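A.B. asks: Below are the chains, spelled out letter by letter.
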Amino acid sequence: MTRLSGGLIDRNRPLKFTFNGTAYSGFAGDTLASALLANGVQLMGRSFKYHRPRGVFSAGSEEPNALVELREGARQEPNTRATVAELYDGLSARSQNHVGPLHRDLLAVNDLFSPFFAAGFYYKTFMWPRAFWEKLYEPLIRNAAGLGRLSMLPDPDSYDKGFLHCDLLVIGAGPAGLAAALTAGRAGARVILGDEDFHLGGRLLMESDLLDGAPAEAWVATVKAELESLPNVRIMTRTTVFGVYDHGIFGAVERVSDHLPEPGSTVRQTLWRITAKRSVLAAGATERHIPFADNDRPGIMLAGAMRAYANRWAASPVRQGNDAIAIFTNGDDGHRTARDLLAKGANLLGVIDTRKGAAAQGDYKVFDGAMVTGTKGRLGLRAIEITRDGQSSWHDAGALGVAGGWNPNVHLSSHHRGRPVWDEARLAFVPGQNGPAGMIPAGAAAGQGGTAQALASGAAGAIAALAEIGITAHPIALPTAKDASADQEAFWHVPGKRRAWVDFQNDVTVKDIKLAHQENMRPVEHLKRWTTLGMATDQGKTANVSALAVMAELTGKSLPETGTTIFRPPYTGVSLGVLGGGDTGKGFRPERLTPTHHWAKARGAEFVEVGPWMRAQYFPQAGERTWRETVDREVLAVRAGVGLCDVTTLGKIDVQGADAGEFLNRIYANMMGTLKVGMVRYGLMLREDGHLYDDGTCARLAEDHYVVTTTTANAGAVYRNMEFAHQCLWPDLDVQLISTTDAWAQIAVAGPKSRELLSRIVDGFDLSNEAFPFMACANLTVCGGLRARLFRISFSGELAYEIAVPARYGAALMERLMTRGQDLGATPYGTEALGVLRIEKGHAAGAELNGQTTAQMLGLGRMVSQKKDSIGAIMSRREGLAQEKRRLVGLKSLAPQTMAVSGAHLFEQGATRSMETDQGWVTSACYSPHLQGYIALAYLENGDARMGETLVAANPLEGTEVPVEVVSAHFIDPEGGRLRD
Amino acid sequence: MLIPHPLLGPRNAQEFTYLGDAQLLRRPDPQAPDAEAAFCDYVFQRSNPAGVHQELWFHEQGDRSWLVVTRNTVTHEILGAELACDVAKREGAQ
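Line by line, the protein sequences give chains V and E. Going by full-length UniProt numbering, the first residue of the first sequence is number 1, and it counts up by one from there. Going by full-length UniProt numbering, the first residue of the second sequence is number 1, and it counts up by one from there.
Simulated from the structure, these hints should not be mistaken for lab results. Check each hint, because a few of them may be wrong.
[To be verified] Just a sample of chain V residues kept apart from chain E, beta carbon distances all over 10 angstroms, derived:
no., residue
1, V256
2, R273
3, T275
4, A293
5, E561
6, D763
7, G825
[As the list claims (entries may be wrong)] Only pairs whose alpha carbons sit at most 30 angstroms apart, straight line, appear in this in silico DSS-like list of lysine-lysine:
no., chain 1, residue 1, chain 2, residue 2
8, V, K161, V, K277
9, E, K89, V, K586
10, V, K514, V, K376
11, V, K482, V, K356
12, V, K586, V, K601
13, V, K867, E, K89
[Said to hold, decoys possible] Simulated restraints, written as ranges between beta carbons of each label pair:
no., chain 1, residue 1, chain 2, residue 2, range
14, V, A812, E, G20, 44 to 52 angstroms
15, E, Q14, V, A360, 56 to 64 angstroms
16, E, G20, V, R13, 58 to 66 angstroms
From a predicted model like this one, the values you see are computed outputs, not experimental measurements. The beta carbon of each residue, even a glycine, is placed where N, CA and C say it ideally should be.
Whole structure, please, built from the sequences with the hints as guidance.
C.D. replies: Have a look at this one:
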């Protein structure tokens, strides 16, 4: 154990955990990384490409090295940063990307071949032979590279999503964020304060600086208590604001239960869409390192991270208590770490400062004007080489902190193509003026990294942001604080021949950047893609600016001339699970159930998806061996007696108003205004381009009241288009529309005995042919007072009705009809039988109205009225459509056991098969139990004139063909006598 | 994106269905001698400018009103929104 004194850990709450199967213990308040360090574990993983041993490098979400597989089984989470994984009792984690044990990774052999694996290696090497790429190279490379493994099991957790609104979103709860939130909160503004950490305080928790003469956490606790007491402030810890979107919408992920052993009854994570009028970006800064030879050994980390582990987590970076610690810095910030470590009793080798004449700021040794030029220690740092004035010497060291300056976290400010600008005084990119609208950067994110600066700029940012939306906020009393010296020199990397890593996660070295320069991959976009710099899961948070500096040196240009790197959402990785936000399985595609669904299910029906609906497909009975047997029975039962089918899914649109008739004249190709009250008419709707769009019936229940029905698939679209026509084209018409598809259950009662059955449930309504003829409709009551609508319409060609009742009575009506119709042979039928019945009758459905067909093709050209304007009327008369010669016909299969499948194309017998000889295509096909043979509907060139001709229906995809005879599409009752009986 | 609905205030764009160029409001006169050519343009020609554009959005998961939204397609800035029926009535009166 190398646990130090102090820290924000709860020593009364020890927690057990395992790493690579070894048991350790830590405390509440630890992260996995801090607990491992406190247990003397430096080696935490292997690098991506060369499989180099790696230790933790940072203390935050920028971590490039310490990636682990967290948890077991289905909850195994690869590439989890140990630096942000909150410790809980029983946590288990494994290092990743190695073959064999972590300390003896067999793939470490890659490191020996590193001269071959330089930037662009894959592009150049695996070019040839081409066929080898997919089968050999790619699997090999993928096996050797890659990071963590997926569990390959379904995600057992649930996720949620939600919307939040505020006046001011404060991103980050360090000194700037807390000052901003408090200023805005006291002004009464609606504030959301989000931070990825589980404590408020940000960098204040990592530093030893005093606020008002006391440890900073005391001030943090006071502010937290006040913010919690304000009803207008919402504090969201464990929440990463990961992206900025249009119009002040921010994406955020709240890790609701990732810190618990099991999520229990809560969700794991929540995706929040936060709509904020203004925002303060107080996201802090990320420290950068200074590349030098062999700078990637476990034990080498950012100096600010070392300070954070010592101050917040009381964890020492060394394996054993008295191992020496060294600091390598180009500025005063490294000395700050040295002072804090000394105060914790560390054994300090000294500070290697690149600045000539740099002096100690405490009781430790300074190597001024010096550099670290080499390191030793395969699995953990053992010694460092210090070079000063050309003289090199080796020194034992168990850990090395590197301080290369701080990069403001400009990420979110660049999400709207905002370009960071170079600040030469601070040697850093700071947010530019062209970032997302309404966002004010503050604190270290704006280059105001001193504690006092951060507090002041946070408060000022909140006041300025709120003033823009008319809320007056007043300055608040800020605690007294000091700004630590930020003096540093522009020292970017240590020259040398050995490999010096820039991007740890993707194993990119200074040499790779030199190679990219040599090969003219100099613009930063090319540099990134050629070397993969900054393209790992950390987006190069600790690497990009240092790499730019190296490229700038090589090209002899200034750093801003060399390029800027901007960041895309997300700020840190976001799991696909939370982006789905619970929309999985049936949540992703909800099912709509018909009113008789449960009734049908109880009868053993098979169901089929029709648009969003589940419809009964057929109702098997005991002893039926195939679905065809069932469907044949259902079809024959309708033709011989009476059948019942739930047709609720057809769209129903209520059209009311003085101009309803005129409006429908313009919607339908045929006349609707002349329809008599109490009657129904079949109608065709066209698209404005003249093609067929939808068909259905239109019933006139009163002078100013129509009910339009649509096909199931187009129910939503037809309604939307009718609203378009009303609001956008003819707003002066007095008409109102409402979709009532869900309000009415509708059941088709079809067959010669349908009138007899209905007469048993209507309340004294005269159903005689004289009183209620074909295409009549009426409001009535049934079953002793239940209001209903009755339509005498037929899709099957038989005497038939459709009866509608309020949806909640749909199942009861079906049961009543079944009971009362038992002696009539009442039979429920599904969509299959419905399809067979309509094909036998030659009625069009979706397959015939596929968006490429016209009214003429259906043989209904004369329905398109020439006397009036309607949607699509003008375009339907254009030459190409008017001369269309294909017509709907029926086909009878001449091969007794073979069906012409829908989609098959028609050719003359013996003709070569090409586009030129194509005669049309089969739209719908089925077995007709009525005709005891296979039949089909088809569009055929000059179809009307070709009755009796023999053609071939060819299906070249399957190499099959069927001889067919052209017949009328009306296979049964072509005169329509049955309908009108 | 947020769409400033003239009746309901700012609404999330996810509540809307997008149609496109608001030119679709201007259905040609079917009686005109060149009606067929005019309809051909109306049906097939759409403006798709990089910049300020008037477009039709349907508040399908809301109050079912059609809006004419003025949007800069480059910046996504929304400069205004009107009920389509108001626009249609105004243009019809001219």
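A.B. asks: So, for every hint listed, does it hold in this structure?
C.D. replies: Structure-based check of each hint:
no. : hint                               : in the structure
1   : V256                               : holds, 23 angstroms
2   : R273                               : violated, 8 angstroms
3   : T275                               : violated, 7 angstroms
4   : A293                               : holds, 47 angstroms
5   : E561                               : holds, 27 angstroms
6   : D763                               : holds, 36 angstroms
7   : G825                               : holds, 44 angstroms
8   : V:K161 - V:K277                    : holds, 20 angstroms
9   : E:K89 - V:K586                     : violated, 43 angstroms
10  : V:K514 - V:K376                    : holds, 24 angstroms
11  : V:K482 - V:K356                    : holds, 26 angstroms
12  : V:K586 - V:K601                    : holds, 18 angstroms
13  : V:K867 - E:K89                     : holds, 25 angstroms
14  : V:A812 - E:G20: 44 to 52 angstroms : holds, 45 angstroms
15  : E:Q14 - V:A360: 56 to 64 angstroms : holds, 60 angstroms
16  : E:G20 - V:R13: 58 to 66 angstroms  : holds, 60 angstroms
Comparing the model with each numbered hint stated earlier shows that hints 2, 3, 9 do not hold.
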